[in-house]
Every structure is written in C-alpha cells, then in structure tokens.
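Given the sequences, and given the hints that come with them, work out the whole structure.
Protein chains in written order, with full-length UniProt numbering: chain A, 1 to 480; chain B, 1 to 480.
Everything labelled a hint here was simulated from the structure, so no lab data went into it. Hints are supplied without guarantee of correctness; some may be wrong.
[Said to hold, decoys possible] From chain B, some residues computed to sit far from chain A (all C-beta separations above 10 angstroms):
hint: 1; residue: 125
hint: 2; residue: 270
hint: 3; residue: 446
[Said to hold, decoys possible] Just so you have them, the derived chain B footprint on chain A, three or more residues with Cβ under 8 angstroms:
hint: 4; segment: 147–154
hint: 5; segment: 160–172
hint: 6; segment: 320–329
Each residue gets a CB set at the ideal place from its N, CA and C atoms; glycine is no exception.
Number of protein chains: 2
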Amino acid sequence: MAESWVNYAERIGADLHLELSGSGGRRAALIRALREAVRSGRLAPGTRLPPYRSLAADLGVARNTVADAYAELVAEGWLTARQGSGTRVAMGVPSTPSRQLGRAAPPGAPARVPKKAPPRARGPRHDLRQGTPDASSFPRAAWLTSYRRALQQAPNEAFGPGDPAGRIELREALAEYLARARGVRTEPGRIVICSGFAHALRLLFPAVLRGPLAVESYGLGFHRELLAAASVRTVPLPVDEDGAQVAELGREWGVLLTPAHQFPTGGPLHPERRAAVIDWARARGGVILEDDYDGEFRYDRKPVGAVQGLDPERVIHIGSVSKSLSPALRLGWMALPERYVDAVLAVKGEREAWASVLDQLTLADFLVSGSYDRHVRRMRQRYRGRRDRLVAALAARAPHIEVTGIAAGLHAVLRLPPGTERSTVKAAVWQGVALDGLAEFRHPAAVTAAPDGLVVGYATPAEHAYGAALDALCGVLPPG
Amino acid sequence: MAESWVNYAERIGADLHLELSGSGGRRAALIRALREAVRSGRLAPGTRLPPYRSLAADLGVARNTVADAYAELVAEGWLTARQGSGTRVAMGVPSTPSRQLGRAAPPGAPARVPKKAPPRARGPRHDLRQGTPDASSFPRAAWLTSYRRALQQAPNEAFGPGDPAGRIELREALAEYLARARGVRTEPGRIVICSGFAHALRLLFPAVLRGPLAVESYGLGFHRELLAAASVRTVPLPVDEDGAQVAELGREWGVLLTPAHQFPTGGPLHPERRAAVIDWARARGGVILEDDYDGEFRYDRKPVGAVQGLDPERVIHIGSVSKSLSPALRLGWMALPERYVDAVLAVKGEREAWASVLDQLTLADFLVSGSYDRHVRRMRQRYRGRRDRLVAALAARAPHIEVTGIAAGLHAVLRLPPGTERSTVKAAVWQGVALDGLAEFRHPAAVTAAPDGLVVGYATPAEHAYGAALDALCGVLPPG
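Shown next, in the form of structure tokens:
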C-alpha cells in the first residue's frame, strides 16, 4: 500500500477514531466516515483504499468490520471492487464541494436550503440477514382500515399528553391476545407499552433492575451493548439444542432468555429447563427476562407457550410487532410482575409516552378485529414456505450442510465445516449476499464456542427476490 | 324481553355507561363490558341476552354496534348464538374470582387473564395548565388523508429497519418548512427526527455535549431534571421582559434558550441579545440550544425568526409538533450543526429509529400538501381568540391584574399582588381550576425571583368549556 492509513485518517476526518472508540456500530461509523470522505472529495475518485487487514489493524477493529463496510459502500455505488485491483473510490461520484453552511450570513438574509439528499442507500443485492420481516408484506389495506377506525373513534383526550403505560385500549387487547396466543398471564394494569425490546431494556436497567445478568452465550450484541451502557455486567450462559443451560445459573441477579426459539442457535428451551429456571428464580429471588421475539412463528408443532405463564411474578415478558408486522411501527410491550409496574412507569416518565398514540390505537383495533391473527397466519404460511425452500435448496445443492433451528422463527442456522465460517461470510459479502456468521453473536466471555455456522434470515427478501437469494447463498457455501 | 336493561346494566357493571359516554370505540367498550360481565359471573352461563334493538335503544348506540359486539363474543367463545333461541352466555366459561394472579399456579395451568383496568383518572374541572394544545382540535380528517396517501405511497423499505436520522421525506419537508416559517438555515442531512424536546436532550447529553449549561432562571423543571439525570450542571440566567440576560453568560459550555417566547415569562429575546448570544458562542466556542416550543403561534407582529438562522454552526434548533398538532404523535426534530450530526446518530443508534415511520411519512405529506399551514393558521386564530377573551374577562372582572407575555404562544402570565401567588393557586385547586404559579418554574439556584404571578394556559380546554374556565379563573383571583 503506497499510502499509510495516517493519510486516510486525515482524509476521512478526525472524528472517526472518536466514533469508533465510542458507542455502538463500528461498522456503521466506518461506513458513514468513508461515505462522507468520498462525498466531500477528501477521497478522490479512483483512489485505492487500503486492504482490509491494514485498515482493520490501524483502526483496531475486526477485519470483517472493514470488509463489511467496503462491501456496503460497493453496493451503494461509492466504491468499486475488482479482482486484482482492490477497492477504489468509484469514478463519477459527485462530490459536494462543501456541506458547510455560511456562518456569517447577516441576520435577515434569505434562508438557504441547500437540498441534496444523499443518494438513497441501497442494501446488498441479496439480504439474508436475520432480524427483519419481509417489508413488502406489510398489510397496508387492513392496517389502514384499523387506522381509520381508530382515528375516528379516538376520544379527544387521546390527543392530549397521554398515559406513560400506553393506551388502555391496546393494553386490554394485548392482555387478551398474549393469553390466547402465548399463554401469558397478565392484565392491562401490568402491561407497559414501549418502542421495542431495546427500549424495554433501557427502561428496566439500571433504575429498576440490577446486574449482574446472565445472558445466553450467543445472542444479539446490540443487547449486550445496551446493557453495558447501563453498567450491567453480563455473564454468558452456555446454550445447546435445548436452549440455555440454566443449570449453570449461579448468583446472578437475573437471566435474559429467548425461550421460544433460542437466538440465534434455534432450539426451544426444554420443558425441564423451563421449570428449572423458574425454580432458580424463586429460590434466588431473581427475575427472568423473556425475549419473545418470534414466538408467533412456529411451524411444525404447537406454539411453545411463554415461560411467563409459569410464574407471572418472576418473569418479565417482552414482545413487539417488529417481527410480526414491521419494526417501523416502534411498538412493543412488557408484561411485568406487579412489583415493577410503578417503578417502570416512573422511569418512563409522564411526558414521554414515546410510542405514537395513533399507532397504539390502530394496533388495538388490529388485534381486536382479528386482522392481526389473519396477518400472522398469512405470514406464518409464507415464512414456512421460505424455510421449506431453503431446506430443499440445500438438500439439492449442498447436502453436506446441516440446517438447524428451523422449527420456528425467521432464520435458520447452517452448520459449516470447521474453520470455514469466516471465509464463507467473506465470500458471501463479495457475492452481494448479506448474512452473518455465528461468531458475530458470541458473547466475548463465552467459554465454549459453537461450531462454525451461518445465520440465514429468510424473511427479509421480497417474495420475488427470494429464489435468487437462495441461488446466491448456495453458490458461496463451502464444498462438501 | 323478560328482563329489563337495568338488570343487565347492573350485571354488566356500572362502568359501561361511563365508557360508552366517554371514550372511543363504543363497540369495543360494549365488548369489554359484556366479556367482563361473563367472566366475573355477573352474567351466568346460559343467560339469554337482550335482542339487539332493545339493548341498542337502552344504551343509545346503533343496532349494528350491538350486533357486532355479540358476533365478536360468539367468535371468542363467550357467547353462543342459535337460530330461534337468541344469544346466550356460553356454558362452561370459567369465571375468575380475583384479580390476583396465582404465583404458585402449576406449570401448564390454563392462562387466566383477570381483567380490571384501574378506574380512569379524571382531570380537574377546568384545566388552565400550560403545555398542551386543545386536544379536541386535532385535524382528524386532514391527517387521515395524509396518512392514507403516505401509507399507499410508502416504498416497501419504509417498513424495514429504518434510518436513525428519520425518513428522508420528512427531513426534506421540514428543511423547507423551517426555512420558510422560522428562518432556520439547514438541510435534510443535518436534521435528526426525534420524539420531542426531552428526547432531543437525552440524545445530546452527555454523550455529545457537555456541561455546565446555562439555562433561563425560569423554565420547565422537567428539563432541568432531565439534564440533572444526565449529570449536566445547570446555571440559572436571569430573565426579564426582553428574555434571558445573555450578558451574564460566562464560562458555561452552552446555553439553553426559548428565544421566540421566553417560557414561561413570555418575552421574546431582544434582537441585541440575539446578536450578543451568537457573539458569546463564537468567542467561547459554545453552543446554543434553541427550544422553539411555540414559535408558530405569534399573534400581533410578524413571527420572530429562529436564532439558529444567525449561525447554523452555533445553534441547535429543536422543535416538535407537540404544541402545533398533538403530543400524542411523539414527533420532534433537531437541526444540528454539521459537527454533531454523526455523533447524535451514533447515540440514537442504528436500531432505534423511535418515532413511528408511518407518522413521519404522514407528517411529511401534511407539510408538503399545505395541511400543516392551514392547521396552524386555524389554531392561531382560535388561540388568539382565546387570548383576547382572557384579556377581556380580566379587564372586566379583575382590572387590577396585569396580563403579560400575550404576544405569542398558548399561555399568559397574570401578575398578582405581592405575596398572593401561593394562596391563589391553592384557592384555584379548591375550585377545580388547574394552573401553576410562577414559582413552580423557578430554578432552585435563581438569584432573583420574579414577581408573584400565575401561568395560565388557554389552549387545553375544549372550545365549549373555555368560557366556564375563564369564569372560574376570575373567581379565584385576589381582589384589587
């Protein structure tokens, strides 16, 4: 490499190090910094970027982070990648001379509104990342029907400051739905509406709950980061095909579990372990946080009920519509033990109801009118079909790859030959296939490592794009 | 019909009439009440329900409402309907004796959902507190039109994970609107959507900005509490009829101001002080937080433009629709100096877009289509009318009381004879009039105290209730 990273650092801007050393999303921070460097002309068209390993070493980030960032920017058209010539700044990217707005404009000068929206970020060609439902299947017509009804029937006070617990209509509808669909035992007065699982964690820690908290040794890094930001120490709990090994629980103050479908490895928590973790919580005076992130999507057997139903005073049940409808609604809920309700509401605060009241009323109508059930049924069928196609494609084209965790949810785990995970993920990125390796989800302090594997989300692509995504996936799998 | 509705009313519970007369969803309210009556045993299994028309007439609702409610409860299994024998309470529906959830219920026990929402809190008879707009004037029809259009035109990716900055459609619409209506100089790339002013503070402190922060010696205690929670020390800055005395600024790191209409005392920041605070910020390297909470509601002169227009690199402009439309939408924005954008987005987090995407798209359409301007014009007229009625009522019935801060906004300050503030607020409470004394807003470390006064919000009562509220207010003022 002719130029040292120092030069790049200057061009990319001094903030990058700060950002990377700071908060969540190193990959996102790097993408933003590089994009801005190209946009502003600090990195000129045709400039060659340093190899992953050099930049990764210089920044103190994982090589994958750099590879991901490059791949994303290639997909967005800012960079080009050609075999043999490395990654370069694309030719013909218009740089904006300066985003700087005049500082010394005289008072009363006409307002200038330099309007240049950044080019709309395009995702990878094939998005097999876990975590989001098929955005093309949002039930627009049925949702609009409920919205119209909710808006027309809303009492005037609904447009006032609001109840931090959330609208009573929604809490009533949820209490019934969760009882019926998930076996949750609760009542409207113990439900608090929030903006999703992460918001629930922020409300619970550290004001209401305390650490240390046991978490599954494989899980979302985002959740671990949130807990760390709230000064909650997390202790990894090994997982196997029967979910978390709750017998390993010790003197932790609580445990965060994904009992319906361990995320991401895929096993449901075994019935004996369900009973055992309740026993542990009772004996220890601890609490169980139940992340019921995809409990509605079970394909082969009857749904696995919520652990909360075993002891509503020991379990905080947390769910959202982010998987079942859309993360764009920012609607979730907690079913709380009685003793936490007031404290959670105090943290949430009188003036910060957060979730849109109109969306809350719409969801209440959507639940009560049966539209939610219909939508979940339809999506369950669609996702089951996708799962079956994934399994069939692998059976036909990569029979040596075992698929696990497929009884439920919106993702599967593909077991890979030892030592091939990282190279497979990299190959996938180069082929425009976005997905994650299991290692991505591993708790930094996990004692045992899962075998190599890929986490393949099959919900995100639009229906018409799924076949091509499967083809691309099969094309990057290591040979048998 | 053998039994009269009175018997049913008793069995169904006294809440029903209240619910039906009150809030939205007569059908939902009826369903809830009937379900609760069955569950609690007030309507025993096998009991025959009255025909649609009888119950509809007794309750004053449409026959269809009753028919729908029965049908829903039949579908849920609470009622049975057979031709010839009418609608009856299903046999074998288990009634729950108590609200307490069994803590020791055996695993696998059927889910019980005892439902009893807490009694709905009723507000004071006359609400003259500042802070919320007239909830009865939410523009339902125009908003629904925008919502329908937004929902139909939204690209599929709108239902995906989303951009932490907020929807580009809304940021573009806001950049233009804020330039036109408030003289803000910004661009979509420097706007970050949030859930309101408090959310903006939480995003800015302490990760991005640092204390100590100068604040106006009279202001919202809620904001001071939020800052304290973020470990930001606040230093009070005296206020007079020309707004904050910015000449008193010293080595603080930044200053939080309400330049359009000092909250709550009511003066606009004097033009010389506007220039002076910009000079201070430039010399000091500091930042100005501009809380533009009611800048659109100015009655007697041209609107006072935003301080941000004087130097977009030194001012963070913060606004929301909480006063102009409704706090129930939870939609606000920041127009940021370039150097803060990435850091604020990193704090906001990739996965926590917070504000409902559909509401964001709706507001974008509402702005672009001109509906927002029309609504603000209509409300400005309405609030000016209320202000004029307040002034006239005082001139007629309490001419010794001076009214100030009335050129703008949704509240006025009534100067009281020295030493009468506390007793007047107390008298008001006893008469069912909710309002605040000026002392309520005083910074604990403020050196000088404002004269005694009342902060009277004239936006909250519904139009028909405003006259009675004024009467009640005049009745509690101290004699001249």
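Hint check:
Its beta-carbon lying about 15 angstroms from the closest one in chain A, residue 125 of chain B satisfies the requirement of being farther than 10 angstroms from that chain. The beta carbon of residue 270 of chain B sits about 13 angstroms from the closest Cβ of chain A, which is more than 10 angstroms, so the claim that it is off the interface holds. Once the 10 angstroms rule is applied to beta carbons, residue 446 of chain B is consistent with being away from chain A; the minimum gap is 22 angstroms. Counting residues of the segment 147–154 of chain A whose CB lies closer than 8 angstroms to any CB of chain B gives 7, so the stated coverage by that chain holds, three being the minimum.
By the rule of at least three residues with a Cβ nearer than 8 angstroms to a Cβ of chain B, the coverage given for the segment 160–172 of chain A holds, with 7 such residues. Under a criterion of three residues with beta carbons nearer than 8 angstroms to beta carbons of chain B, the stated coverage of the segment 320–329 of chain A is upheld, 4 such residues being counted.
Checked against the numbered hints above, the structure violates none of them.
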